[in-house]
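Enquirer: All chains, please: the whole structure from these sequences, using the hints.
Quick mapping for you: the protein sequence lines, in order, are chains R, U and X.
Numbering (numbering that gives the first Met the number 0) for the first sequence: 0 to 167.
Numbering (numbering that gives the first Met the number 0) for the second sequence: 0 to 283.
Numbering (numbering that gives the first Met the number 0) for the third sequence: 0 to 789.
Heads up, some of the hints might be wrong.
Stated by the list, open to error - What follows is a list of derived Cβ distance ranges for each label pair:
no.: 1; chain 1: X; residue 1: S489; chain 2: R; residue 2: S121; range: 47 to 55 angstroms
no.: 2; chain 1: U; residue 1: D84; chain 2: X; residue 2: A60; range: 41 to 49 angstroms
no.: 3; chain 1: X; residue 1: L762; chain 2: R; residue 2: Q151; range: 42 to 50 angstroms
no.: 4; chain 1: U; residue 1: D205; chain 2: R; residue 2: G68; range: 19 to 27 angstroms
What the hints assert, rightly or not - Lysine to any residue pairs mimicking SDA-like chemistry, simulated, CA-CA at most 25 angstroms apart:
no.: 5; chain 1: X; residue 1: K450; chain 2: U; residue 2: L42
no.: 6; chain 1: X; residue 1: K57; chain 2: U; residue 2: E143
no.: 7; chain 1: X; residue 1: K51; chain 2: X; residue 2: P135
no.: 8; chain 1: X; residue 1: K57; chain 2: U; residue 2: A45
no.: 9; chain 1: U; residue 1: K28; chain 2: X; residue 2: E127
no.: 10; chain 1: X; residue 1: K57; chain 2: U; residue 2: L42
no.: 11; chain 1: X; residue 1: K123; chain 2: R; residue 2: Q2
no.: 12; chain 1: X; residue 1: K57; chain 2: U; residue 2: S48
no.: 13; chain 1: X; residue 1: K14; chain 2: R; residue 2: E82
no.: 14; chain 1: X; residue 1: K14; chain 2: R; residue 2: E152
no.: 15; chain 1: X; residue 1: K14; chain 2: R; residue 2: A78
no.: 16; chain 1: X; residue 1: K656; chain 2: R; residue 2: I127
no.: 17; chain 1: U; residue 1: K63; chain 2: U; residue 2: E143
no.: 18; chain 1: X; residue 1: K123; chain 2: R; residue 2: E28
no.: 19; chain 1: X; residue 1: K14; chain 2: R; residue 2: S121
no.: 20; chain 1: X; residue 1: K57; chain 2: U; residue 2: A4
no.: 21; chain 1: X; residue 1: K389; chain 2: X; residue 2: E439
no.: 22; chain 1: X; residue 1: K57; chain 2: U; residue 2: A3
no.: 23; chain 1: X; residue 1: K14; chain 2: R; residue 2: E92
no.: 24; chain 1: X; residue 1: K123; chain 2: U; residue 2: A45
no.: 25; chain 1: X; residue 1: K450; chain 2: X; residue 2: Q440
no.: 26; chain 1: X; residue 1: K123; chain 2: R; residue 2: T29
no.: 27; chain 1: X; residue 1: K450; chain 2: U; residue 2: R276
no.: 28; chain 1: X; residue 1: K123; chain 2: R; residue 2: R1
Said to hold, decoys possible - Every beta carbon over 12 angstroms from chain X, so not counted as near; a handful from chain R, in silico:
no.: 29; residue: G9
no.: 30; residue: D52
no.: 31; residue: G53
no.: 32; residue: H69
no.: 33; residue: E92
no.: 34; residue: R114
no.: 35; residue: Q154
I should point out that these hints are in silico values taken from the structure, not numbers from a laboratory.
Remember, predicted model here, so these are calculated numbers, not experimental data.
Glycine included, every Cβ here is placed at the ideal spot set by N, Cα and C.
In case you want the letters, here they are:
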Amino acid sequence: MRQISVTVNGTRREADVEPRQLLVYFLRETLGLTGTNVGCDTSTCGSCTVLLDGQSVKSCTMLAVQADGHEVTTIEAMATNGELHPIQRAFHEHHGLQCGYCTPGMIMAADSLIREAAGPLSEAEVRIGLEGNLCRCTGYQNIVQAVMAASQEMQGGVKARAGKGGGS
Amino acid sequence: MIPAAFDYEVAESTDHAVQLLGEHGDDAKLLAGGHSLLPLMKLRLARPSVLIDIGGLSDLAYIKDAGDHVEIGALTRMCDIAASDLLRRHCGLIAEAAGQVGDPQVRHRATIGGSLAHGDPASDPPVALLTVDAELVVRGPGGERTVPASGFFTNFFETALGPQDLLTSVRVPKLAAGTGWSYQKFHRRAIDWAIVGVAALVERDDGTVKRAAVGLTNMATTPLRSAGVESALAGRPASAEAFAEAAAHAPEGTNPPSDTNASAEYRTALSSILVRRALEAAVA
Amino acid sequence: MAVAERTIGTSPPRKEDPELITGQARYTDDLTMPGMLHMVVVRSPFAHARIKGVDASKALAMDGVVAVYTGADLAADWAGPLLMAWAVSEDLKNPPHWPLTKDEARHQGDGVAVVLATSRAAAKDAAEAVEVDYEPLPVVVDMEAALADGAPLVHEDQGTNKAYTWSLKNGDVDAVFAAAPVVVKERYVIQRAIPTAIETRAVIADPSPAMGEYTLWSATQIPHIVRVAMVVATGIPESKLRVIAPRVGGGFGSKLQVYAEEALCLLVAKKLGRPVKWVEERSENYLATHHGRDQIQVAELAADEQGKIRGFRFNIMVNMGAYLMIITPGTPLLGAFVYCGCYGGDAYEVNFTGVFTNTTPTDAYRGAGRPEATYAIERIIEALARKVGKDPVEIRRLNFLPAFTEPTPMPGGLSIDSGNYDATLDQALELAGYDQLRKEQQVRRERGDTKQIGIGLSTYLEMCGLAPSRVLKALNYAAGGWDAATIRLSPTGKVQVIAGTSPHGQGHATTFAQIVADDLGIPFDDIEVITGDTTLAPLGMDTYGSRSIAIGGVAVHRAAMKIVEKTRRIAAHELEVSDEDLDYASGTFSVKGAPDRAKTVPGLAWSAWTAHDLPDGMEPGLEETAVYDAANFVFPYGAHICAVEVDTETGQVDILKYVAVDDVGVVINPQIVDGQVAGGVIQGIAEALFEEAVYSDDGQLLTASLTNYEVPAASDVPSIVIGRGPELPSTTNELGVKGVGETGTIASPPAVINAVIDALSHLGVTDVPRPASPENVWRTIRSTRGGDGR
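Expert: Structure representation (structure tokens):
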């Protein structure tokens, strides 16, 4: 066992873990954060996507010990004070989910994608940006629409400001 | 989905990593981003008895201008390489190949050193580095040494790294002005490994090919340079005819695999098509 | 009084979503019980092997291990084998399928033993330590090889690998073919597919030993059927077993099954008196969860010189895999009636031969039999077009059944509820810009471009809404096809809808609430829908075959109308008029000619609860149940058009445009319907271009993970254009609804393949293997004259 200290959804969590424990099982079984799902065993499907220091990662392809000293954000922290995150709201409004199993991973991947982009994302950018997340229900169509809409809301001002020559 | 149990060590420095490798011998594996090793461990296709975590060696994560070359620390993530302006300016091929690895989540974690040390002939960055004649810097028990990329990949998932060696950085030569490049990755899904990949550099002098370098992904047990194509191009005009003629040499010296996505025969045919397209794209 | 706005035809955001988008939904693996054990199944690495012995001593000695059971250990505990519910024919061979094999493993992944331990990791470690002595036996994977003399037998005691034969015949088929001036005949191979719901299967069995009661949580589409099947397998009485399908992460038919692990968890929980959990890993899912499709088809049409179809004949070989699971032999029958598509003809024949092989069993996969039928007819009609020199649009128009709005007979022998096939084709052609695509195709042909364009059509007819119970009896299916709903009004006018269908992504809670909102004039937000629990919703036949709206939705509507009838009597009593003197609209009863004198359903719910002044003899309370058994199927139809660009050097296919026009009758929630269409179409495109389960000759599944079973991501597929056609109401039910869960998967594969063939038709190409992977297309081009670049 090894002691780790991970800041999960803003709270510092200390635990003794077996080195072989995957981050996704640390979240699900040790911390009880079952919103992050497991859909494959080959790092392909992206259902387990969380943010590590703000960047999307597949929590099935990290050991919990590798997260020691880092910040992890899961789907459970996306809504704040009862208010949905813009991406969550967009998935709801655009019917970007059916069974919902891939949805937490999609939302976390989308969040990272949107924040890394310089401005609102095109359809092609969203599609390639979500290549690490599989969905079997939606055909992706409404997921793509939802992420584009959320990107517009979250980043819509970026290009406008840049266009006016404004600095930071 | 649960790796077999192992002991876990954290390296505090490169020297410490080398020392730990010495202590634990052949059963130890270095853990960087973990994106080559952990997938194998989850399926219990790999079961090292000791993992030495070098992920915390932040001094190995950098991309810097070093005069005639750009140096990339071994722990630099694929996403940072793909997004590097410095690399885009001086050797865009490397950034492009790094951007072709896996998916965004994978690129956020996978490191260039891990990719190289894994020695997967189907991986994109190794071929790109081989094509640009990169040099690899290795720290071992006897100190530091450099290995040319051409001497690094020795066999299927085997490299010139010894059991106590740690890859610390990669030196990427800056391309001469006017050198065109292209990376053509042929795959079924965007997340797949290349069925065949082709990295091409074409340095021109007045419409003539001064120097061409062509590398092939997933066409042999190691990343491969295509000597036949390169020599067929030297001194020839940079024309569609010359590229097509040279591309016919692409299968020479290859030994492609067959799998559920493509037969060796198909890969062989693709290699010529993609070499031609890569050469054309490099000068476009 | 204000009349509530109709919600049918609008798209309120789904009731299901809030817990799903916040990570609060609980799927089976999210649940934990006190003292719970974890089960891991030891599976055969061989496709066929005799189990000579199992040594569990090392495993039993490991930390945390509680028990190991082999097939032999549990043999005496079973009340019966796993349920096979569809004995399609007299000659059917149905070898017993035990949750753990007792003697031989018959496919890679066949269960040999189970390990129970206090943690997932301990169970996994111990499973590796179970030593099984296998004697490998000869393997047969290929269907044609399996039927050859001297083939290795999957079930030695059956004496043959032929599982059954089944035929459907209308008219004098042989005479029609003999007399026809034009006959076309082609052979198609429908590759094996793996459903790949993103949530793998998971089961928890929770016993209450003192009470003899059990709760089984399972990631299933069919909690009610599982309960019956568990009685058969374990002998636990139905009254003591509650089955719950909590949130379920997709199914696509793969969770329309009764699985060994459900029975094993239950039996082991009974033996040990502790809760037992089993969660499937993905690579395990590819071996242990049923596959789909896998047919070899010989398709024939007889026609006149103009291409007017006279006769249909299809001989189909179907791979059963190693065992018959719940509807393995019946799955192709679900398509047997629609091999004629939406075309007329005088004679019709479909023959199925089921074949055992040493592979994972097949069973229903989204569309179940109808995608295969649609593929056969939509391919062969284009062969007919080529033969008689007509284009793909012309040949279809020539053969369409004329438009109708009353039940009309079809060559397959059933009556279709409603259809206008020209109308959906017209809309699809317009949305696709068909003429412009043809022009662009011509330009590229003439230029000799490397990248050529092809356009493919699929004008399909499917049947769903499973199913009239009498028809199921005629087909020898063991159960009925009805479904049920109960509607309960609380004193304050809030509504519970308890439905017998069991969703896993389809949006029942939203759609059913819309039906009830309109029927009772109660706000959408005041209606909750309960499903997927045999105790809370004891009457039901679950979700598959696009039945949830066409059967379950109609049951909901009928239950609501019973509420209306009861409240009408209360209203009449309170208003001191007769029942007939009341108008009813959207939850309000008003006196004819005196609309100010009115009562609303929520208010009448209070009256029913207080029971202070009810009509004589009326029972207090407001709760009604309806069970609906349809008299006929429903028949969605439509036209899909796919335009592809084919790289003639590499064989790479890219979809330029995809148009889906589906008439699914009355649409309750357009956004949900669009979602079903898009999801289904992409799943069908995946079959056409990407996915294939590949076995080696010795029965090893080579595509055993998501790294090479090519489920496409967003970057690999297009957005599609959706049209609805004339929206003719179904005549089968009073809501006018048809099903929409499977249309996309049924219609799209032939549209894509026809497009790829069309792109290469100038090279003489008339067939492309499925999937049209780059290599398959490249090989097709190479096999044509001049196609090798010479």
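Enquirer: Are the hints correct? Go through all of them and say.
Expert: Comparing the hints with the structure gives:
Checked against the hint of 47 to 55 angstroms, the pair S489 (chain X) and S121 (chain R) passes, with Cβ atoms roughly 49 angstroms apart. The hint said 41 to 49 angstroms for the Cβ distance between D84 (chain U) and A60 (chain X), and at roughly 59 angstroms that hint is violated. The given range of 42 to 50 angstroms is respected by L762 (chain X) and Q151 (chain R), whose C-beta atoms sit roughly 45 angstroms from each other. Between D205 (chain U) and G68 (chain R) the beta carbons are some 56 angstroms apart, a value that contradicts the proposed interval 19 to 27 angstroms.
Taken as a hint, the K450 (chain X) and L42 (chain U) pair is broken in the structure, with Cα atoms around 41 angstroms apart against an allowance of 25 angstroms. For the proposed pair K57 (chain X) and E143 (chain U), the alpha carbon gap of about 46 angstroms is over 25 angstroms, so the pair is violated. Taken as a hint, the K51 (chain X) and P135 (chain X) pair is honoured in the structure, with Cα atoms around 10 angstroms apart against an allowance of 25 angstroms. About 22 angstroms separates the Cα atoms of K57 (chain X) and A45 (chain U), which keeps this hinted pair within 25 angstroms; it holds.
Taken as a hint, the K28 (chain U) and E127 (chain X) pair is honoured in the structure, with Cα atoms around 22 angstroms apart against an allowance of 25 angstroms. Our distance criterion of 25 angstroms between C-alpha atoms is met by K57 (chain X) and L42 (chain U), whose separation comes to about 21 angstroms. For the hint linking K123 (chain X) to Q2 (chain R), the alpha-carbon distance of about 24 angstroms falls within 25 angstroms, and the restraint holds. The suggested pairing of K57 (chain X) with S48 (chain U) holds, with an alpha-carbon distance near 20 angstroms, which does not exceed 25 angstroms.
Taken as a hint, the K14 (chain X) and E82 (chain R) pair is honoured in the structure, with Cα atoms around 17 angstroms apart against an allowance of 25 angstroms. With a CA separation close to 24 angstroms, the supplied pair K14 (chain X) and E152 (chain R) stays within the 25 angstroms bound. Distance hint between K14 (chain X) and A78 (chain R) is fulfilled; the C-alpha atoms sit about 17 angstroms from each other, no more than 25 angstroms. A threshold of 25 angstroms between alpha carbons decides the hint, and for K656 (chain X) with I127 (chain R) the separation of about 18 angstroms falls inside it, so the pair holds.
For the proposed pair K63 (chain U) and E143 (chain U), the alpha carbon gap of about 19 angstroms is at most 25 angstroms, so the pair holds. This hinted pair checks out: K123 (chain X) and E28 (chain R) have alpha carbons roughly 16 angstroms apart, not beyond 25 angstroms. For the hint linking K14 (chain X) to S121 (chain R), the alpha-carbon distance of about 29 angstroms lies beyond 25 angstroms, and the restraint is violated. For the proposed pair K57 (chain X) and A4 (chain U), the alpha carbon gap of about 17 angstroms is at most 25 angstroms, so the pair holds.
Distance restraint check for K389 (chain X) and E439 (chain X): the Cα-Cα separation of roughly 20 angstroms lies within the 25 angstroms cut-off, and the hinted pair is therefore satisfied. Straight-line distance between C-alpha atoms of K57 (chain X) and A3 (chain U) comes to about 16 angstroms, which keeps the hinted pair within the 25 angstroms bound. Taking the CA atoms of K14 (chain X) and E92 (chain R), the gap is about 11 angstroms. The hint holds against a cut of 25 angstroms. The hinted pair formed by K123 (chain X) and A45 (chain U) meets the criterion: a straight-line CA distance of about 15 angstroms does not exceed 25 angstroms.
A threshold of 25 angstroms between alpha carbons decides the hint, and for K450 (chain X) with Q440 (chain X) the separation of about 10 angstroms falls inside it, so the pair holds. Note on K123 (chain X) and T29 (chain R): the hinted pairing holds, with a Cα-Cα distance of about 18 angstroms set against a maximum of 25 angstroms. For the hint pairing K450 (chain X) with R276 (chain U), the CA-to-CA distance comes to about 14 angstroms; that is within 25 angstroms, so the pair holds. Distance hint between K123 (chain X) and R1 (chain R) is fulfilled; the C-alpha atoms sit about 21 angstroms from each other, no more than 25 angstroms.
With 12 angstroms as the threshold on Cβ separation, the claim that G9 (chain R) sits away from chain X holds: the shortest Cβ distance comes to roughly 15 angstroms. Remark: the non-interface label on D52 (chain R) is consistent with the geometry, its nearest Cβ contact in chain X lying 20 angstroms away (cut-off 12 angstroms). Every C-beta of chain X lies more than 12 angstroms from that of G53 (chain R), the closest at about 18 angstroms, which supports listing it as non-interface. Listed as a non-interface residue, H69 (chain R) keeps its Cβ farther than 12 angstroms from every Cβ of chain X; the least gap is roughly 20 angstroms.
Listed as outside the interface, E92 (chain R) is inconsistent with that label: its C-beta sits roughly 6 angstroms from the nearest C-beta of chain X, within the 12 angstroms cut-off. Distance check for R114 (chain R) against chain X: the nearest CB is about 18 angstroms away, which clears 12 angstroms, and the non-interface claim stands. Distance to chain X confirms Q154 (chain R) as a non-interface residue, since its nearest Cβ pair spans about 19 angstroms, more than 12 angstroms.
Figure legend: structure checked against the earlier numbered hints; hints not met, in rising order: 2, 4, 5, 6, 19, 33.
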